[in-house]
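Novice: For chain D, the structure is supplied; the task is to place chain U on it using the hints.
Sequences listed follow chains D and U, in order. So the first sequence is numbered by the numbering used here: it starts at 29 and just counts up by one. So the second sequence is numbered by the numbering used here: it starts at 1444 and just counts up by one.
To be clear, the hints were calculated from the coordinates, so they are not data collected in a lab. Keep in mind that a hint or two might mislead.
[To be verified] In silico BS3-like cross-links for lysine-lysine, where the CA-CA straight-line distance does not exceed 25 Å:
(1) D:Lys206 to U:Lys1468
(2) D:Lys216 to U:Lys1535
(3) D:Lys316 to U:Lys1582
(4) U:Lys1527 to U:Lys1571
(5) U:Lys1468 to U:Lys1527
(6) U:Lys1527 to D:Lys206
(7) D:Lys316 to U:Lys1527
(8) D:Lys206 to U:Lys1565
(9) U:Lys1636 to U:Lys1582
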Amino acid sequence: MNSVKEEIEKSGSKMSSKTSQKIMNVVFVFSGILTLLILIVIIGYIVIKGLPSLNLNFLLSNPIDSGKSGGIFPMIISSLYVTAIAVVIATPLAVGAAIYISEYSSKGKIVDIVRFGAQILASIPSIIFGLFGLQFFVISLNLGYSVLSGGLVLAIMALPTIFQVAEVTLSSVPSLYKEGSYGLGATKWQTVVGVILPAAIPGIITGVILGLTRAISEAAAVMFCVGSAITTPIFITDPGRPLPLHLYVLATEGVSMQNAFGTAAVLVVIVLAITFITNYLVNRYQEKMMGER
Amino acid sequence: MDKIRSENLNVYFGDAHILHDVNLKMPENSITALIGPSGCGKSTFLRTLNRMNDLIPTFHHEGNVYLDDTEIYDDNVDVVNLRKRVGMVFQKANSFPKSIFENVAYGLRIHGIDDEDYIKQKVELALKSAAIWDEVKDKLDQSALGLSGGQQQRLCIARTVAIEPEVILMDEPCSALDPISTLKIEDLMTELKKEFTIVIVTHNMQQATRVSDSTAFFLNGQIIEHGPTEELFVNPKEEKTEEYISGRFG
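In isolation and in its complexed conformation, chain D is listed as follows:
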């Protein structure tokens, strides 16, 4: 029998490991750069195309002539409305479910079923949520075409996203912390509120932001439910038209391509701003909690 060294020499003649390493390095670097490039090109394209529309008047005035001119103030308010409703409703539900699954349920079947359910819920096409919202919230519950109906549909959509991230985060809180807390005589509830949740907050917030960005970018799910009004919603029972829906109408009905790009740019900037600000705050919180090392 050959020694390992001889075998290696026999097989290694095809290509030196150095060369293959170099090739793979290039492949990985290239895929990294490509991903970044796509991001920059899309955001850059939209912002540059939208720039001519962007001014204070565009942001703060009502659309004129169904959006051909004028601004998008009511759409910004509608977007903030439906997104806020979605987050306010989905977050406590999702985090509550995640706490139950990670801390209270005695692992096993039910955990798997709930996890699987969340996965399915997350993969249902958004337009189906829209259809359900129309039938259930708008008609059956008689909430009418309103930002409330739209917000509720978005809440259902954001729910599995927030739940999944929160559950993973809560489950990964070191059991050392829990033992420490129980060892001091804390009850389960005190341990959850006093130790586990604070340790999981950064991860939970990340989940909320993922759910939020999903909700704020959604056109299909809200189009059946919000009523597509171009007036500013004041009460939650008023109809509205969130930015993505406005964008869709402007582009598909040939109203104004220029203003569609302007609307897109505003939407992108809002999403980026929310992401950056929360990332900053989460990092600050984490530094304070974990100590600067």
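Specialist: Same frame as chain D, but now just chain U:
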């Protein structure tokens, strides 16, 4: 006087029989060391003393554990109250991701104390008795996780001391620490035994001889020998004990 004692204690995790008829008396204001090779059941025994094993679903037991004269597994015993009386320091320092102050205040708060002045005084006292006050007094609002391993372990002791337990259980408290931090904690233990009854699990035989008053040697879930530390180490009665302490196995 015996502060805490087990009588014919048998512990099972599911079908596995972990502890066999363990009888051990741990006297008040003294340090009892539990030694033995890995997997001999000494940590399991320690964790039955404050019912931490209750967290493991397959745990069940026979026999009794008495704290003073209360059987701690009695139905009318409140686990929360028991763990307030029998505190625990863990193998790995598990300070919470909170400020140094809040780490110590946590135990007081969960037991319903909300007088901030009282909490402040108590936190300072606890940090002083854990010999860490001078190192942290200027950064009480900083994260505890920024401290060194040894400091964090002393913080965990302060956290336990703050709620004035009667017994402190220590599960290999120095196994992750350097020799200097270890010495600090050993000195601290000698100080603490004036007020508390201490039971410590250790893999370090020198540590057992340095700090403990009595020692119990565990092997395969049984106590092979138990007696005053000096006697057990100088004149072990059992052959197994002698082999273990002289380093022939374990």
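Novice: Each hint: holds or not?
Specialist: Going through the hints against the structure:
Distance check on the hinted pair: Lys206 (chain D) and Lys1468 (chain U) sit about 29 Å apart at the alpha-carbon level, beyond 25 Å; violated. A threshold of 25 Å between alpha carbons decides the hint, and for Lys216 (chain D) with Lys1535 (chain U) the separation of about 21 Å falls inside it, so the pair holds. Distance check on the hinted pair: Lys316 (chain D) and Lys1582 (chain U) sit about 12 Å apart at the alpha-carbon level, within 25 Å; holds. For the suggested pair Lys1527 (chain U) and Lys1571 (chain U), the alpha carbons sit about 20 Å apart, so the restraint of at most 25 Å is met.
Using a Cα cut-off of 25 Å, the hinted pair Lys1468 (chain U) and Lys1527 (chain U) holds, with the two alpha carbons roughly 21 Å apart. Restraint check: the Cα-Cα separation between Lys1527 (chain U) and Lys206 (chain D) comes to about 15 Å, which is no more than 25 Å; the hinted pair holds. A C-alpha spacing of about 29 Å is found between Lys316 (chain D) and Lys1527 (chain U), which places the hinted pair above 25 Å, so the restraint is violated. At most 25 Å may separate the alpha-carbon atoms for a hinted pair to count; Lys206 (chain D) and Lys1565 (chain U) meet this at roughly 23 Å.
Of the pairs offered as hints, the one joining Lys1636 (chain U) and Lys1582 (chain U) is violated, with about 28 Å between alpha carbons and a cut-off of 25 Å exceeded.
Checked against the numbered hints given earlier, the structure breaks hints 1, 7, 9 and satisfies all the rest.
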